[in-house]
Amino acid sequence: MICATLHDMTEEVRTEFHQLMDEVRADLVQMGGMVAEGISAVSAALLAGDIGGADQIIAADDELDLLSLEAEEKCVQLLALQQPVAVDLRTILTDLRMISEIERSGDLVTNIAKAVARLHGAELEPRVRGLIDRMREQAVKLTAKAMDAYAERDAGLASVLNDMDDVLDDLHNEYIVSVFASHELGKISIQHAVQLAVVGRFYERIGDHAVNVAERVEFLVTGELPEHLGANRARARREQDEM
Amino acid sequence: MNPEKALMTQEPDARASDVSDASDATASEVSAPGAPAATAGTTGATGVHARIDVSGVAAAPGQRPDAGTVFECADVDVYYGDFRALRDVSLDVAEHEVTALIGPSGCGKTTFLRCFNRMNDLIEGARVDGTIHYHGVNLYQDEVDPVEVRRRVGMVFQKPNPFPKSIYDNIAYGPRLAGVKRSELDDVVEGSLTRAALWDEVKDRLKMSAYGLSGGQQQRLCIARAIAVQPDVVLMDEPCSALDPIATGRIEELIAELKNDYTIIIVTHNMQQAARISDMTAFFSVQANEMGHRTGELVEYAPTSLIFTNPDDPRTEAYITGRVG
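Residue numbers (our numbering), protein chains in the order written: chain A, 380 to 622; chain B, 748 to 1072.
Simulated from the structure, these hints should not be mistaken for lab results.
Facing chain A, a subset of chain B residues (Cβ under 10 Å, in silico):
id, residue
1, M1018
2, Q1019
3, A1022
4, L1053
5, I1054
6, F1055
7, T1056
8, N1057
9, P1058
10, T1063
11, E1064
12, I1067
13, T1068
14, G1069
15, R1070
For every residue, glycine included, the Cβ atom is placed at its ideal position computed from N, Cα and C.
Only chain B is shown next, with the shape it has when bound in the complex (with noise of 0.2 Å):
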């Protein structure tokens, strides 16, 4: 199966109809169906892991020339009807890596980070201009089903956000819509819950709700069920904003675990989290117009550790030592 016809397996019409029913922040991982989940795995020559050719992709200053690329973004707007909210975003996200995006409230990273799952389409009126590639497939023609997009690239949110169940279901209700076998179940339970580092924790209390865990756990519980259905990117969205610092800790922890089997990209607020835990880092501002609108855009796109030491810009500077609001 090559990457296109895997992102087209799903009629687009009836998907859509499952997540204009969710709400919107449970939506992307409520949409768990898409191709049967034995056959897209996080490896394997099945599905969209078939590397794509990169060789002509130009990559950002100091990325690792081997690295796969797993989108590229050329040109990217995002209008809220009239309104445009980010502008002019180009920059490519490496296979496993981590991809930190930060800037000043408004400055349209969290907009742009919904552009990787087409979450935007959930918003009447957004519109996305200019080109996302996944794994060298536009993501917004017309024929790629935003359902399976969002199977692929899985969403975590700045609150830990379980569904009214138990620990198990809350784990087992993607793989369930999915197809895979009530016999496979406990082991996709029991992989997932581990990879996201809360087996130990949780394993004699499954049937419990999962509205019992602490805010940190509950919130590797959404990186569990995100990861549930076997995505290729999770996008995380301030995923510790509501935790404390040792739940923090754990989460990086985890980030960084992850990446080894799933590319990454993180907002956050917490520029010294972005620190730790990310190898690119993406620094937009936002800029108003005569109006008074405000347009977000990309102003530099580095490997962390440049950005924290070195940057090129002055304004990525000044935000990131604190010389201007």
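Pulled out of the complex, with its shape left as it was, chain A reads as follows (with noise of 0.2 Å):
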């Protein structure tokens, strides 16, 4: 029997309010994609100690803030005037939260570029140089992914970010022992020791964020918050201190 039913039509009654969506989700991979490719700007900055280079990356922060305003600014007036329900209300509590994260991750590729003047004069050696160019390599290629799955609202990609940012993780930390080992050599100064140190974290941050804007696309595509692990541990005092 051929059962036509109302919901295999294909009718769209909220044109407006989707293309709004979808303009905010455009609006964030393109932001992605920005702080992707200022990850890499930024590195080539840092290894061939190129000022002038670092100071474009720096200026061009303020074109991520007024894209990150701008799709904020859909973001509440969809709340305000659409009344979002169901995967419209999670796509936008999603992008709102996203916004931070991709604003943050390019508030870490200026804080990069701004060492770079700092570290004028330094010397860095070939193995400090190839761990800078790996968690480059890293943290790109997390962001890049956790954009991905936003945009395809691939759930399953999204839930392999967390392991595929221990890497990074990993090198970060062989990289602090790298830069400090450089500096008992007599390589570096302890000034630039420990500029070097900060970058290494905000490379490592970068692929923090990239990890929390996974566990939103599984919030986004599944409805189930991600678990934390400190909140689990909280709620469980909670319920022992309820009995």
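Join the two chains into one complex using the hints; note that each chain is given alone, in its own frame.
Written out as structure tokens, the structure is:
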């Protein structure tokens, strides 16, 4: 029997609403792309000691800030005017959280760019340079994968980001050891060593923001809030207190 | 008095004639006479409010496990002649909760609402298959008096429909027919109007025509009239669709208050309203067969907070997010 349900119809009755949501999605994907490009550009400037290039990257962050504000404004409009529910509500909540995550990653790129001038004159050892390049590669990969998961609504991809981030964390640890070994051998000053250590921390944080984005994507797709170990511990304590 | 007997204290034939004379819209509210109101208050051990054992009743997910079940519907089909308007609806309605029925036009939600107080009996050729138990009593067994059912299960309609009488007489009509003494009527009128959040606005003009009230006030008057006969359940069929946002807000506040004393089932086209006021939401949809006959069905029944954040069925999500017509 051929049964045509009304729901087989693909008619869209809230076209403008959903178009605006698609616009926000495109804005966020663009912002994620800008961050990924920024990570590569700032890494190149860092390794080349290119202070001029770093200054350009710092200036470019204004554009990201503007896009963040515009996207947030659109989300506020959608919440105020469209009363979103279900997947629409989850999408807008995800978008709002993601705007902060991406914008913060952009700030970290800027922070790395600011370190370029402070590291002027430091001679980086090949091992340290190699580790910076590998951290760059991982940070770009994590950011791009998180944005792919968001753009494609791919909860499966989002769920592996946390494990992928372990690679960056390990690289970061290795890098810190190398930086201070380099200092102990008298290759770089303590000021430069500390500055390099802070730069490593910026890469590591960019990875964490990508993982946060992935967790929100999982929420968007499944409706399940991501589990946090600390929150679970607090919940268990609260339940115990109530007993 | 056990619940079963309480529903069967009237001679069905005698009461049915009362109803058939009344217009469709006012029938349930006019048909107040049942067991004397004093024996069927909203609390106490008498009447239908004696709790039945519901330990074996399947509750919907998320429903309060300790909530009493007022209605248990199993495999309900509704036919108008040969035409099946609604099929296979099974759900339980919990006591002192607001249950919202939503869905596109023609999905059978109003038809289903009318099953709860046997209003479909008033439509020629209408037939209800399956079972609806009300506090454990099969509503559609022969011995059940539909008029008594309608006193216990009152109804408020889309359009306010006060009687062409004074405000006072609108409220006093049902209790008077039910045998409430003249000396007690004043208290019943004041109590009902107070519960319907209308008393302060009308206490100085009780003898004036109900038609002089605003639309929102008229609707609250109709709610007061419905609760004046001390029902157990109040059915509402799009009660705010003819009202402005302020009047709608008042009715919604009132519904939140009323659920402390009554079980409420509401049909609404306004999904935000369902989200705001209900505890449970039932989403109905409609399917057409190759002959073009459209039959309503229950798609999903779940706590409202779940339906509007993470519904289980893609059809529910499509409807509430406006992705289908």
